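Undergrad: If you read the protein sequences in the order shown, they are chains A and B. The first sequence maps to residues 1 to 315 in our numbering. The second sequence maps to residues 1001 to 1266 in our numbering.
A few of these clues could be false.
Claimed, not checked - Far from chain B, by Cβ distances over 10 Å, these chain A residues were calculated: (1) Gly64; (2) His144; (3) Ala177; (4) Ser269.
Unchecked claim - Ranges of calculated distance between the beta carbons of each label pair, as one might list FRET restraints: (5) Ala1178/B - Arg281/A: 23 to 33 Å; (6) Val84/A - Arg1127/B: 51 to 61 Å; (7) Thr93/A - Asp1197/B: 21 to 31 Å.
For the record, the hints were derived by calculation from the structure and aren't laboratory data. A quick note: this is a predicted structure, and the numbers were derived from the prediction, not measured. Even glycine gets a Cβ: it sits at the ideal position worked out from N, Cα and C.
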Amino acid sequence: MIRLSVIAAFLPYNTLVVAAGVAAVGCAAGVIGTFGVLRKRALVGDAAAHATLVGVASALLLTGQRDLAVLLVGGLTSAMVAIVLLVLIRKFTRTRDDAAIAIVLSVSFGLGITLISGMVSRGIPGSGGLERFLLGHTASLTAHDAILLGAVSATSVLCIVVGLKEATMVAFDRDFAAAAGWPAATIDFVLIALVAVMVVVGLPAAGAVLVTALVVIPPAVARQWTERIVPMLVIAGTVGLVSSLLGVAISSVAVQIPTGPVVVLVATSFLIFSVFLAPCRGIVWRARATSLLPSACCEEKDAETTARVVTEQKL
Amino acid sequence: MVGNDSASEVHADAPMLEWHDLTVAYGRRPVLWNVDFEIPKPCLFGIIGPNGAGKSTLLKASLDLVQRAGGCVRFWGQPLAQVRSRIAYVPQRETVDWDFPVTVMDVVRMGATSKLGWFQRGGKRERELALHSLDRVGLADFSNRQIGKLSGGQQQRVFLARALAREAEIYLLDEPMAGVDAGSQEQIFNILATLRDQGKLIVAVHHDIRTAVEWFDAVALVDMRLVAAGPTAEILTPENLTMTYSGRLSVLDEIGEAVERGGRTS
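With the hints as extra help, turn the sequences into a complete structure.
TA: Structure, rendered in structure tokens:
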């Protein structure tokens, strides 16, 4: 407690609230991203992220307001338009998925950049600083902004917590869920829409170019450490939280460094560590396991399982 | 999900499963044409035909997973929506990602919880039901294993256990023997035969004629259309098989092409 109050005394209230808000965004991005990655939608998320700029710029242009909520609603709108476009391209053309994603991503990003630079060069009020949405810059966030980001993040996580059964069933086997009468397509759409919400609230922290990393890297880290969905959600959330917190801290000390790259680098260091050292799936572990005993780790787990089942039956 | 099954007794005389003029098309190309037959009573029923004959599509169209261009499917004389909770589907094994972070138990529990309402996770009953289903397919010792760390035959049995946990009366299985070794095949067929003896209807898409003769009570030969359907011994004749397997580029393809051409010019 003493230590905490010492820290608080050195940091202004605003910085603390911003840090908490961005940490919530990182955590939620990890949780939501887990389903995005499991449904193999990382690239769709990336296209949506790049499309946010058009919406952010248009929102400013149309309303003349610089309010973060207004800009983010604009960003979410264009992100959803990009997702719907991808669905339509898949349905009505013979363009392959990866090409469709690349097209939507680059076209919408190009449009966004053109809009923003046009607005800046014409000196449209409030357009200065829009480029912060490109790479992320949390230092300019107000406490009010951070509370908004935190609230949206918390709501998104709540959606997953409440609908965990439905989300898992559809993400694992959409046809089985649909045959059982669940609106699988709608649930699937909600999952990707949540990814879109996360790339939008992640904009101030990581920027349009890098925000996908916030959604993709923490789940990739988490998958290295666990074979089950709930622990994966928890680990991904934690990794997202810590990465964005460190990102904010570092870029608040070195103000000239944008937050996004720092967040991504921190998250990536977690990933590298996990890819090499995680038990079972880690490279080092697997190399050792093959040299000593084939899949030793998993055999152990099974013996444990069997023992537990037996004892449970006895009870 | 929870369905209203109370009306089912009214249709006691209706066949368990019937298809009427079922037609399915992907785009303008028909893949199934006027399939029309019925399975009156519980049995072990095989849907047999060459690759691309529309066998899987027949199951998917019956479950509203692909759109029907025409015709209808009735279970106990009723549309699917009325009786979903009495039906279980086992998709092809390759359709899911086996690296998904779930255990054998998690997957089988999905069968039990898929019958509950929104946001209901299930409890002790669902867990026990799942354990019992796993026991029936001989995988009780594997309940905590991640599903990717199983053999093909074991994975197929996990899928079967998930269907069993739905406590259904009609089971629709898509290629349950694909990539399954002979020993596991026998094991799976035995489970299916036991189900049949308990009064369930099992409809399985299958490609191997030899094991089909051995196990199925009745079969339907399908090659984009229904070639023949009835008791296995009567249907799996050399004539019927030749018709099913050699008529690949037959009338139907020509019709399909004609429709496609007609659609473009008009």
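Undergrad: Against each hint, give a clear statement of whether it holds in the structure.
TA: Results for each hint:
The claim that glycine 64/A is not at the interface with chain B holds, since no C-beta of that chain comes within 10 Å of its own (minimum 42 Å). Every C-beta of chain B lies more than 10 Å from that of histidine 144/A, the closest at about 33 Å, which supports listing it as non-interface. At roughly 7 Å from the closest C-beta of chain B, the C-beta of alanine 177/A falls inside 10 Å, breaking its exclusion from the interface. Every CB of chain B is more than 10 Å from the CB of serine 269/A (nearest about 23 Å), matching its label as outside the interface.
About 27 Å separates the C-beta atoms of alanine 1178/B and arginine 281/A, a value consistent with the hinted range of 23 to 33 Å. Against the hinted window of 51 to 61 Å, the Cβ-Cβ separation of valine 84/A and arginine 1127/B comes to about 40 Å, which falls outside the hint. Separated by about 51 Å at the C-beta atoms, threonine 93/A and aspartate 1197/B break the suggested range of 21 to 31 Å.
In terms of the numbered hints stated before, the structure departs from hints 3, 6 and 7, listed from lowest to highest.
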